[in-house]
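Please arrange chain B on chain A, whose structure you already have, making use of the hints.
As given, the protein sequences belong to chains A and B, one line each in that order. Numbered according to this note's numbering, the first sequence spans residues 1 to 245. Numbered according to this note's numbering, the second sequence spans residues 1 to 317.
Warning: the hint list may mix true and false statements.
Straight-line distance between alpha carbons at most 25 Å, and here's what the computed DSS-like set of lysine-lysine pairs gives [stated by the list, open to error]:
id, chain 1, residue 1, chain 2, residue 2
1, B, Lys212, A, Lys104
2, A, Lys229, A, Lys87
3, A, Lys87, B, Lys49
4, A, Lys229, A, Lys188
5, B, Lys212, A, Lys93
Worth flagging that the hints you see were computed from the coordinates, not collected in a lab.
Chain by chain, the residues run as shown.
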Amino acid sequence: MRSVNLNFFYSQFQALHDINLEIESNKITALIGPSGCGKSTFLRTLNRINETIRGANYTGEILLDGVSVLSQDVTSLRRRVGMVFQKSNPFPKSIFDNIAYGPKVNGMTAKADLEVTVERSLRRSALWEEVKDKLQKPASALSGGQQQRLCIARAMAVEPEVLLLDEPCSALDPIATLKIEELLFSIKDSTTIVIVTHNMQQAARVADKTGFFMLGKLVEFDRTETIFKNPSKKETEDYVTGRFG
Amino acid sequence: MATRAQPAPIPITKPSTQMGDATARLGTMFFAGGILIITLIIVGVLMEKSWLTFSKFGFGFLSGTNWDPNNEQFASLPFVYGTLLTSFLALLIAVPLGVGAAIFLAELAPANISSVLTFLVELLAAVPSVIYGLLAIFTLVPFMRDYVEPGLAATLGFLPFFQGQIFGVGYLTAAIILAVMTFPFIISISREALLDVPRDQREAALALGATKWESVWDVVLPNARLGIIGSIFLGLARALGETMAVTMVIGNDPSIKASLFAPGYTIAAVIANEFAEASGNMHLSALVALAFVLFLLTMVINGAARLMLARTARKNA
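One chain only, chain A, in its complex shape (with noise of 0.2 Å):
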């Protein structure tokens, strides 16, 4: 997934400044930045989520596998680009029909498949044993971190290619964000992972790539490595040692 000369406006304000950003095949791709410099917006670009804000419009181009976003159907766009929000957000229904609800709009109706589509989704994201006997029971009975599992196990219901991460563990303890990190690496052999997130350890930890962004604009992108230990631009050895932001 690639992004050319993208410009982005919230009406009349310019959140994004010419971005040119290529996102690695079955790597961890990791956003940071202060807050309000774009890395959101970037992400939330890409499966065209930021559609449905008015006044939201953008030039220059996304690319899927070399095809703009824009001519494909935005419904199968974004069955192939998934996303999990910042703060879990399960439907107001069964743990089983949170996770069955994806592959139900796309078309998947047999009975015995969703049930193991639903079993398959858990299992991958490490929820199944905690949650096998309740299935039935209301998504807001689990924990926070169980509820975010519950969100990345909804969205990988679908099997997306790329699945993107808008700080995903930014209300959830050590504990929780420890496991939704080695969610990560178990699903990245098959899954394209785009993570924004306000910790740079995380960052470190998880990611093939960091970007780093400010003030709307791809400051500078690199190995993780190159990022946290070496990177070229002042602005950036000033984020990551923590002298500002």
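Only chain B this time, still in chain A's reference frame:
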């Protein structure tokens, strides 16, 4: 730079005592207590003034069907029937239309259209019921008599609901005007409930590849269900107690008919019509007894609604 005078240090104990809290507590308790007192007064007065009727007719007042003030025969069933029938029929019409319109205003309409329509809906909710009644007499009644009811009789006439003589006034006409009157409440409150659904719920559905409509139907609507159910019960409460407009179009005939074309009567309508000219103590007392029945009816329906809301809230908390 000019130096400013230092303020005195903020005292650790407040200069005032706890008197403020105590006064506020007493004052608000008094107002809240007023609610209880008013309820008790209502029940007390209704019971006292209807005692004559209940002691004479007993349970027969509730189960009987004969309302004949000239011969001092009183019974409530035709009015209860008319009240419940018109109200539920009204909801049957108003709920799908109202919720549908709310979905359009909250989710699908462009912002400027939505705000104009919302303003109009709120205006409609404030129109006094006597105006709806006049509107109904001059436009709805002839329209029902000349077009709708003959049409229904011709197509669905094999059902007992759509048989018999057509007057224009009757259960169906009353139900439609009630539907028109409850409609703005349902739209306005359902719309608020839909708008209150968190953005991330919609986005979660869209991000899975749901279409706009799928996200509204499968996710936004279930999220807003408590508010929507609440709006329906508010509409029902208005329909049950509505007096003026119904009195003007229901036909005022205390009988129980299966046909929706037939003229009927509701509790509120008969009280409004006969109270001023009640022919004696017994007649007056019977009208108050009807009021008591209406009061109990709304209490029971409201209680059931609350129970149901609490259930759904618990189930999917």
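A quick look at each hint next to the structure:
Between B:Lys212 and A:Lys104 the CA atoms are separated by roughly 15 Å; this keeps the pair inside 25 Å, and the hint holds. Simply put, A:Lys229 and A:Lys87 have alpha-carbon atoms about 31 Å apart, too far for the 25 Å limit, and the pair is violated. About 59 Å separates the Cα atoms of A:Lys87 and B:Lys49, which puts this hinted pair outside 25 Å; it is violated. Taking the CA atoms of A:Lys229 and A:Lys188, the gap is about 24 Å. The hint holds against a cut of 25 Å.
Taking the CA atoms of B:Lys212 and A:Lys93, the gap is near 19 Å; set against the 25 Å cutoff, the hint holds.
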